[in-house]
Amino acid sequence: MPERASDRLLRMLGMVAYLDRHQGVPVDEIAEQFGVTPRQVLADVDTLWVTGTPGYLPYDLIDFDATAYEQGVVRLTESRGLTRPLRLGGREAVALVAALRAMASALGPLLDDEQARVLRSALAKVTAATGDAAAAVDVQLASTATPQVAAIIAEALAQHRRLRIRYVNTRDEASDREVDPIRLVSEDERTYLLAWCRSADGERLFRVDRVLGAEVLDEPAEDHSVPEAAAVFSPGPEGELVTLHLASPGRWVAETTPAEAVRNLPDGSFEVDLRVVQPAWLRHLLLQAAEDVLDVRPARVAQEVAQVARAALAAYGPGEG
Amino acid sequence: MAAQIDPAERLLNLVIALVNTPGRMTKEQVRRSVAGYADAPTDDAFERMFERDKDTLRELGVPVLTVTDPRHGDDIGYRVDPDAYALPPVQLTAGELGVLALAAQLWQDRSLRTDSSRALTKLRAVGEAPEASDLVAGLAPRVRAGGDAFGPLLDAVQARQAVRFVYRAATTGEVREREVEPWRLLARRGGWVLVGRDRHRSATRSFRLSRIEGTVRPVGEPGSFPPPTPAELDEALATWTAGTERLAALAVLPERAGAARARAVVPDDDTPAPPDLTDVPGVERLLATRDLVHVPYRSTHELAEELVAYGDAVVVLGPPELRAAVLRLLRTAATLGGGGDDA
Chain A
28 MPERASDRLL RMLGMVAYLD RHQGVPVDEI AEQFGVTPRQ VLADVDTLWV
78 TGTPGYLPYD LIDFDATAYE QGVVRLTESR GLTRPLRLGG REAVALVAAL
128 RAMASALGPL LDDEQARVLR SALAKVTAAT GDAAAAVDVQ LASTATPQVA
178 AIIAEALAQH RRLRIRYVNT RDEASDREVD PIRLVSEDER TYLLAWCRSA
228 DGERLFRVDR VLGAEVLDEP AEDHSVPEAA AVFSPGPEGE LVTLHLASPG
278 RWVAETTPAE AVRNLPDGSF EVDLRVVQPA WLRHLLLQAA EDVLDVRPAR
328 VAQEVAQVAR AALAAYGPGE G
Chain B
76 MAAQIDPAER LLNLVIALVN TPGRMTKEQV RRSVAGYADA PTDDAFERMF
126 ERDKDTLREL GVPVLTVTDP RHGDDIGYRV DPDAYALPPV QLTAGELGVL
176 ALAAQLWQDR SLRTDSSRAL TKLRAVGEAP EASDLVAGLA PRVRAGGDAF
226 GPLLDAVQAR QAVRFVYRAA TTGEVREREV EPWRLLARRG GWVLVGRDRH
276 RSATRSFRLS RIEGTVRPVG EPGSFPPPTP AELDEALATW TAGTERLAAL
326 AVLPERAGAA RARAVVPDDD TPAPPDLTDV PGVERLLATR DLVHVPYRST
376 HELAEELVAY GDAVVVLGPP ELRAAVLRLL RTAATLGGGG DDA
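Chains A and B are the protein sequences, given in the same order.
Residue numbering for the first sequence follows the numbering used here, beginning at 28 and increasing consecutively.
Residue numbering for the second sequence follows the numbering used here, beginning at 76 and increasing consecutively.
Keep in mind that the hints are not guaranteed to be accurate.
[Unchecked claim] Covered stretches of chain A (in silico footprint by chain B; criterion: 3 or more residues with CB under 8 angstroms from a CB of chain B, positions within the stretch not fixed):
hint, segment
1, 41 to 55
2, 80 to 91
3, 116 to 123
4, 147 to 155
5, 178 to 185
[Unchecked claim] Covered stretches of chain A, as calculated for chain B (at least 3 residues, CB under 8 angstroms):
hint, segment
6, 59 to 67
7, 127 to 135
8, 203 to 211
9, 300 to 314
10, 332 to 344
Honestly, the hints are just simulated from the structure, not real lab data.
Just so you know, even glycine gets a beta-carbon here, dropped at the ideal spot from N, CA and C.
Based on the provided sequences and hints, a complete structural model is requested.
Structure, rendered in structure tokens:
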């Protein structure tokens, strides 16, 4: 998809303001500064070079040092009054400051002193430059249940080292695995470790609150390229199709699980189709939503859940079960 | 036909012209003299092009001022004052830019992503050096998208403008139009929430964005409702703020409930007080075969929902409200599929 004109304009304005502050910057460095390719920087400079005030005679135009440019260095010699960096718009300030605040509270326990200091100073500077607009949005990410474990994972990521983790799955079975960590993904709901699991020989998402212990190993982590989408949990087409008929207050089920289909019914209740790979996950869901469950297809699933619940009640002893 | 000038180049020429004009430029002057506008084949095409470009500049934060001149009657002119759009003085280190780049990736919502990447482009202009990403390597915080309602609601919160939308209430299943004074947007466990005053009920309400159906429309003028008092706001947000930390006492079968055990603490002076177990029925019988595990928590219903997953591996000993919440879930679940005969 071609770049939007507005995005390109914004970058070119930013480049003039930046080059006004830095005399003579190599093309590669500008590319890195603005997160684009060196080829794009050259295209942007070529465009800037022919823009200016009406008349468009040589002294009307934005100008660069041509000798330096031949050697791959961009030196601005005439800015035509575009040296002021643009202030952040209301929504831009909200988007950035709210994100920084959420990060500061969620990542806090994972950061060392230096990282925490940089995060604080970035937040302070941007807040000072934008005012209080960001109060419109308030984000709380999942707090990591065991900060020690998350801190060890963050350390392995920073040092590109392999990890040994003790992990307990949804069936409550614990096992030891060696993994190459790729990313630590903190969401509003919970935090995941995306890693290459050496025993499964593939990428896996591990819920950090199910990592019982972690240890940084001496071996370096191998690089594994994984698609961006790997960090999003989604059930495959395999798995049993289960349909839940739920009363309206159970709407959170449709909102928080990757449902195949949701059908609203005239009486306010609704049906949701789920692909279930792990029966333990579905049992857990139904135990939580039991009050709002009107029907489950296939019926066997509901009977299994009831059995688990009765066994649990029995454990509480007579008078409670 | 000569090659058309790239829209970004035309926009840039417009900014430079309006920044450098001694007084103002009229539309006609723009069309005649600013490179790119001669491409417009008709009057209408020029009008559309110029209006769109003005909107684009304003959206990016370059305010195009309208200037009338008494000597020219109705004739409207335009200019841009660079001081009016300047970022206050700020300089960012490579590490700070790296943190900002990570923050800009937080949003999965498309409009928020656009906004935060624009903010990042602007701030890169005042960065001392390219962003250092190693400081935050491998960390990926993110927040799910708020859906189509999010953008209009955010604008309304910022403009203090009331909104109208159709809402499906989960408690009753009722679908009805609401008129709301929007105060805050919250991202919480399970999604986005709008907190504000429901005008029909004259009371504070929370709305899940996922339950808003159709479009969100502004009502009345910006700034037309008073901001909530701090007390009103605190009360409205209380539901969405984590409670104080408490300790749960659990009787856990050996080697089970590993994830809950991982968070266990030994009660001491630094932890909240453990619940009193003296009157809990069957506690001695249970602890003869099970481990006593203390787990800190803040939300009763969240922990209850987590613990029912362990079935008979975990018995909640206290506090009483947590035990009652788990028992209530289990008793209801025991009746699923026509069961519940022995309850």
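Evaluation of the provided hints:
no. : hint       : verdict
1   : 41 to 55   : holds (count 5)
2   : 80 to 91   : holds (count 5)
3   : 116 to 123 : holds (count 8)
4   : 147 to 155 : holds (count 5)
5   : 178 to 185 : holds (count 3)
6   : 59 to 67   : holds (count 4)
7   : 127 to 135 : holds (count 5)
8   : 203 to 211 : holds (count 4)
9   : 300 to 314 : holds (count 5)
10  : 332 to 344 : holds (count 13)
Consistency with the previously given hints is maintained throughout, with no hint failing.
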